[in-house]
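What follows is each chain in one-letter form.
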Amino acid sequence: MNLAFHIFLKDLRRFWILSALVVAFIGIEILGSYLNIVGGTNWQLVSGLAQNGPLLVEFILAVAIMQTDLTVGDRAFWRTRPIGAPSLYLGKLIFFLAVLALPAVAADLYLAVLMRTPFATGLGIVLESTGKILDVALLAALMASVTRTMVQAVALTFAVALVMALAGPFFADQAKAWNLAMPWGTDVPYPGPRIAAFGLYFGVALLALLAHQVMTLRPVRTVALFAVSIPLALVCAGRWPIELRFAQGHGDEAARLENSIGIRIMMRPPVDAQGSTYIRDTSTHHDVLAYMASMEVSLADVPLGRIISMDHMRSTLQLGNERVLELPAVGITGWPFWSSVNERAAICRALGIAHPPFRDEKEESRRLSLFSITPEQGEPFEMRPAKYSAVMVFNEIAFHEETRLAARAGATSSRSGQACKLETLEEEKDGLMTAELRFLVATTIFVPDGPARVWHPWSNRRGFVMVNHSRGEYALASNTWGSWEPTTGPLAVVRRFARFGKRFHNDGSPAGDSIDRAWLGGAELVVMVAQPIGTFEKRVALDNFVLPELPVNKQFEQAPFWQ
Amino acid sequence: MNAIECDNLSRSFGSVRAVRELTFTVSTGSFFALLGPNGAGKTTLLKTLLNLIRPSGGRATVLGRDSTRLDACDFRRIGYVADGQDMPDWMTVGQLNAYCRPLYPTWDRDLEGRLMTVFDLPADRPLRKLSRGMAMKAALITNLAFRPELMILDEPFSGLDPLVRDDFIQGLLELPGDDRPRTVVVSSHDIDEVERLADDVGFLADGRLLVHEPADALRGRFRTVEIVGPGLAGPSPGGPPAAWLEVGRPAENVMRLVHGAFTPASEAELGASFPGCRVTARAMSLREIFLVLARRHQTASVEEAA
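Protein sequence lines, in the order shown, are assigned to chains A and B.
Reading the first sequence from the start, the letters are residues 6 to 568 in the numbering used here.
Reading the second sequence from the start, the letters are residues 213 to 518 in the numbering used here.
Hints may be right or wrong, so weigh each one.
What the hints assert, rightly or not - If you anchor each label on the Cβ, the simulated ranges turn out as follows: (1) 160/A <-> 371/B: 24 to 34 angstroms; (2) 233/B <-> 29/A: 55 to 65 angstroms; (3) 216/A <-> 314/B: 24 to 34 angstroms; (4) 151/A <-> 301/B: 11 to 21 angstroms; (5) 325/B <-> 163/A: 50 to 60 angstroms.
Read the hints as simulated data drawn from the structure, not as lab findings.
Heads up, the beta-carbon is just placed ideally off N, CA and C, and yes, glycines get one too.
Generate coordinates for the entire structure from the input sequences, incorporating the hints supplied.
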């Protein structure tokens, strides 16, 4: 232990400037977070420095600290001195903890307290901020020279690019012939947990490789194992992602609609529905042009205030008892079912107020691509009654209150790892009122509910309601838009605008066409957010599903077969 | 007990066999000079002995320990100074000594101070600002101050000016009895410097140990012989004896050769073999012997390749 501390002090003396720089940059990060959260001022210089500065300096220091006592090669000073590898790496670990991890964790904890971050998110942020530095340090420990390795990596990239340019078509054909496919799903809506898991598995592999290198002194073998460890870590991350979940609990999440919802598929496709795609022909292993069969699909009996979105579907075409055509699964994460009417009703329902009278309360149907089929695949089914069977998996989504704050410029709120500030509230012509909000979300790649909101169309959807309790009135945002800003450490910053117009009584009856300052004086701005409750499955079977004659010409400019 | 024992020790780098089945010992208390041309495998051998690289075959023991199991404790007894070894060059000489001091329980601060004086090193100057010779001296101090039982020096003199070399050797050997390392192994192709120091000499070429014997014995059995007289015959049908090396005829009545198995009786035997001729035998320096052996090995290698 004394020796490890001796080595730690030596490294500290060697890298005191970089160490001080790390602490200074983390200080800037804290200041940036503080200004973002508390001050609400977007001080560009601080934000810019806090965005990448700390991580960059931490990476440089992590690399330097490992490269100063090399494990690879036979010239390192420590190797011929009474310094054992355990003491050396214990010294490095002390340095890592004291100089790199501790300030970073302190900054994370400060942020977590400031943002009232849930435990899982806080843990994820700490793991993420320290884990990537540890990975970089371990990687550097396995290199004889980081500079040389980087030059080699660049040269290798150019060489591969050159080879691919010259022989790419051959490789592509071979890859198709071998039917190469990733052994794990790549169409996940948010890959964060898999990236985090890869970092973790890769870190464990690097640790094992370092132990191997120190014990065997066989750098070539270590490099070979390293090459194997990358795909291995990728496979493990694909199979066993690590997700740190928020504790769910929003009142009526237990509700399930699967028993009451019906599916309607209109056999006539919309007139303007045409399109093509490429699908993999399993017999030739080539991608071939296919037509997308898009139909009007609607959900029946969805109560107003409930939201359903399709997750994915798979289907088959069956001809009598003989021929069955498996149609590829269709991922439909970007395909929201719900209408704006239903969304506003859902927001009101979540707030316990009656929704305003909508002019057309009919559930809107949405066009959905049911399957894609090549003329060759479809030929046996042409003009013959077949049975179309589909399994559709739906998400049930509910709005719940995310935060609420006084309806005045400068109002702030902070809860569950998220801070919100009402920056401006400006009156426009025609009595419209536009609110500019700034959201700060403490995110980590371990938590899908954090940055995943960017990917899930339903998950980042927010609703805004002005509620005046004393008058018993409310106003729903009629239009919203927004943009992302540079992140500050683990803080994702989003700017949102919401426009309010008509007022309603809490029983849903109209109260007026505009809102004014006096009305705002007693009002609150309630921010609602859509979050998934769960999934359910629906099976659809259509007898006498007739494919019309398929077009001979495969050019997708031609009219699709169903027209 | 031997300080170093090698038994069929080998080390290959791909198809290059840097060290080939070496079997030899270095006895405790001796000064062993490992000689050989560049690329002979000297550095690889020493690094293998110190567990800096693993042997491909055979084994070695250093101070009674298997070389592949040398650990931190063993390096409290072993000093190592090498040309090209990484040094913490951001440290000053004083900081380097301070860093090394706690690593060795046997560190002698008085000896450190004396060596600093002998070597005339500025304690407050960073290593990166020292000349190469001064940096080597700084490295030597950190290896001598803990009184190592075994000191291994790999090409310590290359590139040093004579004055620094002298300082270096003085620091290494002219220390009083207990201050001196018990066993010293020096690899070099600078034979002049080690000639006066070496007890034992090993000659390494292409990874093979061609010669390994006490320096005095080596010097004793090698002589340059000149035979002058009118009765010199041409080459004998069976060729010259194996112990005769570099046989030459600079003039019709002059024969010169290097005798590799010279004994006190050899001069009389040569006189009898060449009646009427004057036979003169001259002792050779290690450097001359080294050159003869190197040339002989080079010729043999070329013939083998052909």
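Range hint compliance [Cβ, residue 160/A to residue 371/B, 24 to 34 angstroms]: holds, 32 angstroms
Distance restraint hint 50 to 60 angstroms, applied to the beta-carbon atoms of residue 325/B and residue 163/A: holds, 56 angstroms
Pairwise beta carbon distance, residue 151/A to residue 301/B, judged against the given window 11 to 21 angstroms: holds, 18 angstroms
Outcome of range test on Cβ distance (residue 233/B, residue 29/A; 55 to 65 angstroms): holds, 58 angstroms
Outcome of range test on Cβ distance (residue 216/A, residue 314/B; 24 to 34 angstroms): holds, 26 angstroms
Violation of the numbered hints given earlier is absent; every hint is satisfied by the structure.
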